[in-house]
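Engineer: The primary structure of each chain is shown beneath.
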Amino acid sequence: MQQGKYRFVTGFLIVPVVLYAVFMIWPYMQTFGYSFTNWQGQSQEMSFVGLDNYTALFSDSVFLKALWHNVLLLVFLPVATILLALFFAYMVNVGGRGGAGGIRGVAGSGFYKILFFVPHVLSIAILAVLWRAIYRGDVAGLINGVFIKLGLSDPAHPIEWLNEPDLVLWCVAFVLLWWGVGFYLVLFSAAMQSVPKEIYEAALLDGASRTQSFFRVTLPLLWDTVQTAWVYLAILAMDCFALISVMTPGNSYGGGPDHNSEVMATYLMRNFLSFGKSGYACAMGVVILGLTLILSLVTLRISRRERIEY
Amino acid sequence: MSNTRTIDGVAKDAVPGPRDAKNGARPQGAGGKGDDEGKVLNVFSHGFLILWSVMIVLPLIWLLLGSFKTDTEIGSSAWSWPSNWNFDAFGRAWEKGIGDYFANTLIVLVFSIPLTMLLGAMAAYVLARYEFRGNRFFYYFFVAGAMFPVYLGLVPLYFLVDMLGMLNTYQGLILVYIAYSLPFTVFFMHAFFRTLPTAIHEAAVIDGASHTRIFFQVMVPMAKPGLLSVGIFNVLGQWNQYILPMTLMQQQSGFDKDRSVLTQGLVLLNQQQGYEGDLPVIFAGMTIAMLPVIVVYLSFQRQVQSGLTAGTLK
Chain E
1 MQQGKYRFVT GFLIVPVVLY AVFMIWPYMQ TFGYSFTNWQ GQSQEMSFVG LDNYTALFSD
61 SVFLKALWHN VLLLVFLPVA TILLALFFAY MVNVGGRGGA GGIRGVAGSG FYKILFFVPH
121 VLSIAILAVL WRAIYRGDVA GLINGVFIKL GLSDPAHPIE WLNEPDLVLW CVAFVLLWWG
181 VGFYLVLFSA AMQSVPKEIY EAALLDGASR TQSFFRVTLP LLWDTVQTAW VYLAILAMDC
241 FALISVMTPG NSYGGGPDHN SEVMATYLMR NFLSFGKSGY ACAMGVVILG LTLILSLVTL
301 RISRRERIEY
Chain G
1 MSNTRTIDGV AKDAVPGPRD AKNGARPQGA GGKGDDEGKV LNVFSHGFLI LWSVMIVLPL
61 IWLLLGSFKT DTEIGSSAWS WPSNWNFDAF GRAWEKGIGD YFANTLIVLV FSIPLTMLLG
121 AMAAYVLARY EFRGNRFFYY FFVAGAMFPV YLGLVPLYFL VDMLGMLNTY QGLILVYIAY
181 SLPFTVFFMH AFFRTLPTAI HEAAVIDGAS HTRIFFQVMV PMAKPGLLSV GIFNVLGQWN
241 QYILPMTLMQ QQSGFDKDRS VLTQGLVLLN QQQGYEGDLP VIFAGMTIAM LPVIVVYLSF
301 QRQVQSGLTA GTLK
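Residue numbers (full-length UniProt numbering), protein chains in the order written: chain E, 1 to 310; chain G, 1 to 314.
Heads up, a few of these hints could be off.
Unchecked claim - Listed below are several chain E residues computed to face chain G (Cβ distance under 8 Å; list not exhaustive): (1) Leu19; (2) Tyr20; (3) Ala281.
Derived from the structure by calculation, the hints contain no laboratory data. Just so it is clear, CB atoms sit at the ideal spot from N, CA and C, and this is done for glycine as well.
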C-alpha cells in the first residue's frame with residue numbers, strides 16, 4: 001500500500017499546484033512588489049519609488065471619493081441585504097400561520113425560495129445591461145414607466161436616475177440588493193432549518209409572539225451565518241466594477257457623473273488600462289486587499305459572541 | 001420524539017396534521033394577542049413577499065417583451081406591447097455577434113470545466129485522504145486563494161498572460177479560469193472526500209487496485225453528488241465571469257479574431273447598439289444570454305442553491 005504513495009501524491013498534486021501558483025498566487029505576490037514602482041506597463045522599465053504610490057493615493061481626490069463610496073456601500077449593502085433576507089427567510093421557514101404560528105413557512109414558500117434566487121444566477125454583466133435599460137432617463141425606462149403610471153413623476157421630465165449625482169450610487173446599490181437578497185434568503189433558510197423545531201415549539205408554548213421568537217430565538221441561533229453573510233457582502237461592496245462600469249456615465253469604466261459613482265475597482269481599471277499607470281493600479285489593489293482583510297477581521301471580532309450549541 | 005429531531009428539523013413541510021389542530025386550538029388566552037399580531041404580520045409579510053416577487057419577475061418579462069418590440073415602441077414608452085411577435089431581433093442579435101460570443105464561451109467552458117473538476121478533485125482527494133508532509137500547507141495554500149480580491153492580482157496577471165503570448169487566446173483564458181476555480185473546488189471536494197467511508201477504499205486495496213485506479217473507479221463515482229454541486233457552481237461562475245475576460249480577451253490587432261465571451265460581448269453589443277439605435281437587439285441579446293442559465297438553474301435549482309450556499313456555510 002505504501003509503495004508508490006509519494007509518487008501518486010506528487011503526480012496528482014503537481015499540475016493543480018503549478019497552475020494555481022503560476023496564474024493566481026504569483027500575480028498576487030508580484031502586485032506587492034510592483035506597487036512600490038512607477039511601472040507603466042508593457043516595458044519592464046521601472047524604478048523603485050518607495051511609498052510614493054501610496055502617499056499619492058491618499059491625496060488623490062478621485063481615489064478618496066471612490067474609497068468613500070465603497071465605504072457607503074460597505075455600510076448600506078450588508079445591512080439592507082441581511083435585514084431583508086432575514087425577514088424573508090423567517091417568513092418562508094417559520095412565519096407561517098398554523099394557528100398561533102405553527103412552525104412552518106408561509107404558503108408557497110418553496111416557490112418564493114426558487115424565484116427570489118433567480119437574480120443570483122444571472123451574471124453581473126447581464127444585470128448591468130438590464131438595469132441600465134430599466135433606469136433609462138426617459139419615458140422608456142421601466143422605473144420611469146412605473147412612476148409615471150403611478151403619477152409619481154412628471155412624464156415631461158422623468159427622473160434621470162443614473163445622471164443624478166445624488167442618486168446614481170444608490171441606484172447601483174439597489175441592483176446589488178436585488179441580486180443578493182435571494183441568495184441570503186436561501187443561506188439563512190438552510191441555517192434556520194437546521195435549528196431543531198422543538199426550540200421554536202418551546203418558545204411557542206411559553207407564549208412567545210412571532211416577533212419575540214424571531215429576536216430571541218432565531219437571530220441568536222443564526223448569528224454565525226449572519227456573520228459569514230456580512231463578510232461576503234462586504235467583499236462584494238468592495239468590488240462593484242461591472243455594475244458601475246456598464247451602468248453609469250463616464251469616459252472609461254463609468255463612475256460618473258463627475259465621479260459621483262466612482263469606486264476603487266473602476267478607478268483601478270482606468271489607471272491600469274487607460275492611463276497605463278500599472279504601479280499605481282497595483283498600489284490600489286493592495287489597498288483593496290488591506291481594507292478587505294481589516295474588514296473581515298473587524299466583523300469577526302465585533303460580532304463574536306458565545307456560540308450557541310444545539 | 002427526540003429521535004425524530006433531525007428529520008423534523010429538515011422536513012419542515014411535513015408537519016403532521018393533528019399537531020396543527022392542536023396549535024389551532026391554542027390561541028385563546030395568552031395567544032389571543034399573538035393571533036391578531038399574526039394576522040397583521042401575515043398580510044404584511046405576504047404583501048412584501050409578493051411585492052418582491054413582482055420586482056423580480058417584472059424586469060425579466062419586460063426584457064423578454066422588449067426583444068419583440070420595434071425600436072420606436074421601446075423608445076416611446078415602457079409599457080408598450082409588441083405589435084408583432086417575430087424573432088427578427090433575435091436573428092439580428094445572433095448575427096451582430098451573440099452567436100460568436102456564445103460559441104467562444106462554449107469553447108472555453110468545454111475545456112475549463114472538465115479540467116477544473118478533474119484537477120480540483122485530484123488535489124482535493126490527495127489532500128483529504130493521504131498523510132504526507134506538507135499536506136496542511138498545500139490545503140491552506142489552495143483555500144487561501146478564495147480570500148483575495150481579484151483586483152489584487154489583475155495587473156501582473158495581464159502581463160503574465162501577455163508574456164506567455166496568450167492574450168486573447170482560448171487556452172490563456174482556460175488556464176486562468178481553472179486556476180481561479182481551484183480554491184473553491186478543492187475546498188468543497190476536500191470536505192466531501194473526507195465524508196466517504198474508508199472501508200470501501202480498503203476493500204479496493206485488498207483487491208489489488210492501484211491508487212490511481214481507486215481514485216477513478218471507486219472514489220469519483222462515489223463523489224458524484226459533490227462533483228455535481230461544485231460542477232454547477234463552476235459552470236455558473238465561469239459562464240458569468242466578466243472581469244477576467246474583460247482584461248484578458250481583448251483583440252490584439254485588427255487581424256486578431258474577436259474572441260470575446262458572452263458577458264463581455266453583451267456589454268460591447270450594448271455600447272454599439274446604443275449608438276446605432278437598435279434597442280430590440282440589446283433586449284434579444286440579453287434574453288439569449290440569460291436563457292441558458294435560467295434553464296440550468298430551474299432544472300437543477302436544488303443543487304444550485306446547495307452548491308452556492310455550501311461554500312459560505314462552512
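Engineer: Under the constraints set out in the numbered hints, which ones does this structure not fulfil?
Structural biologist: none
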